[in-house]
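Protein chains: 2
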Amino acid sequence: MKKSIAIDMDNVIVDIEGHYIHWYEKSFGIRLDKSALIGKPEGSAFPKPEAIREFLCTPGFFKEAPTMPGAVEAVRQLAEDFEVFIVSAAMEFPQSLSEKYEWLQEHLPFISWKSIVFCGSKQVIDTDFMIDDHVKNLKHFKNQGLLFTACHNVSITGYTRVNNWEEATEYLYAAVQ
Amino acid sequence: MKKSIAIDMDNVIVDIEGHYIHWYEKSFGIRLDKSALIGKPEGSAFPKPEAIREFLCTPGFFKEAPTMPGAVEAVRQLAEDFEVFIVSAAMEFPQSLSEKYEWLQEHLPFISWKSIVFCGSKQVIDTDFMIDDHVKNLKHFKNQGLLFTACHNVSITGYTRVNNWEEATEYLYAAVQ
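Taken in sequence, the protein lines are chains A and B.
Mapping of the first sequence onto my numbering: residues 1 to 177, in sequence order.
Mapping of the second sequence onto my numbering: residues 1 to 177, in sequence order.
Source of the hints: derived by calculation from the structure; they are not laboratory data.
Quick reminder that beta carbons are idealized off the backbone N, C-alpha and C, glycines included.
One thing to keep in mind: the hints can contain errors.
Stated by the list, open to error - Simulated crosslink set (EDC-like; lysine to aspartate or glutamate; CA at most 16 Å straight-line):
1) B:Lys-142 with A:Asp-128
2) B:Lys-114 with B:Glu-73
3) A:Lys-142 with B:Asp-126
4) B:Lys-142 with A:Asp-126
5) B:Lys-114 with A:Glu-92
6) A:Lys-142 with B:Asp-128
Said to hold, decoys possible - In silico negatives: residues of chain B with every beta carbon more than 12 Å from chain A:
7) Lys-26
8) Ala-36
9) Gly-39
10) Pro-49
11) Lys-122
12) Val-154
13) Arg-161
14) Glu-166
For reference, chain A alone in the conformation it holds in the complex (with noise of 0.2 Å):
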């Protein structure tokens, strides 16, 4: 039987620190190199950091946001040998619900509407393994979390961590070998 994986969408197939700091310059004419975000909670960097919040809320922020690099080609890989769930705490912005479905329709169009799960709390889900940047949604979870790596995460420890795609491919066909 294949092993199930619960994939998060912001910031491990959603590039939405890259998102926040394309709608930031565009709304503010202020550009912020990724690397003043590292080591920040979400948002805190930006000179107004109640803007992020706003960009949440706003329609149209989630539909347009870049892929992470690799996201695609690697979730369409794992699709073919894990059973994948996207898995989104999406509930918390209730317009970005129809947003985040468009979404995956365009980006990964071979997920089925079955595996796709929009929460507000993920300590429901029961998976083999969760992929995911935040802390809150992993703590929680019975078996193997996998740490994504995001500007806001890089201190935290006592997880394992995967930095990108290609070291979360690589850890997931190890450990079903």
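Given chain A, put chain B in place with the hints provided.
Chain B alone, transformed into the frame defined by chain A:
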């Protein structure tokens, strides 16, 4: 620690069968009695069964659906003594995502966004109890599933059945005593 319950929406807290009857009458001028639906697969009792699937894809259909008798009071009570999650297989009808969210805000405002899950398959859901009217959702469930009686499932055996919210709450409180 409180035990957790995954509670389905359609036919469990949402009277979707009654809503089919209402919309069918509104569309075609023919009113079926609920008894005509008993023992038949969903939608098949109506002269034009394909209309039911069209309703499911029509904006506004889910938003306007009425509550099941006793559901709001029962879920409000259970939410005090259990960890309640509303888990709906909404992903097949993506236009329903925002409507189901709004429905919950209107009818069960005491349910936080943190406790809502919209999914395709429920096979990744891990709670102590699951209340659902569909065997497809209960058959993979590892813990205690409760089959909530709906017209389409009256002939099904092999599951712990609850016929209404009074029986459901009675079962759940007895199970944790």
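How the hints compare with the structure:
no., hint, verdict
1, B:Lys-142 with A:Asp-128, "14 Å, holds"
2, B:Lys-114 with B:Glu-73, "20 Å, violated"
3, A:Lys-142 with B:Asp-126, "10 Å, holds"
4, B:Lys-142 with A:Asp-126, "10 Å, holds"
5, B:Lys-114 with A:Glu-92, "7 Å, holds"
6, A:Lys-142 with B:Asp-128, "14 Å, holds"
7, Lys-26, "26 Å, holds"
8, Ala-36, "31 Å, holds"
9, Gly-39, "27 Å, holds"
10, Pro-49, "22 Å, holds"
11, Lys-122, "9 Å, violated"
12, Val-154, "26 Å, holds"
13, Arg-161, "23 Å, holds"
14, Glu-166, "26 Å, holds"
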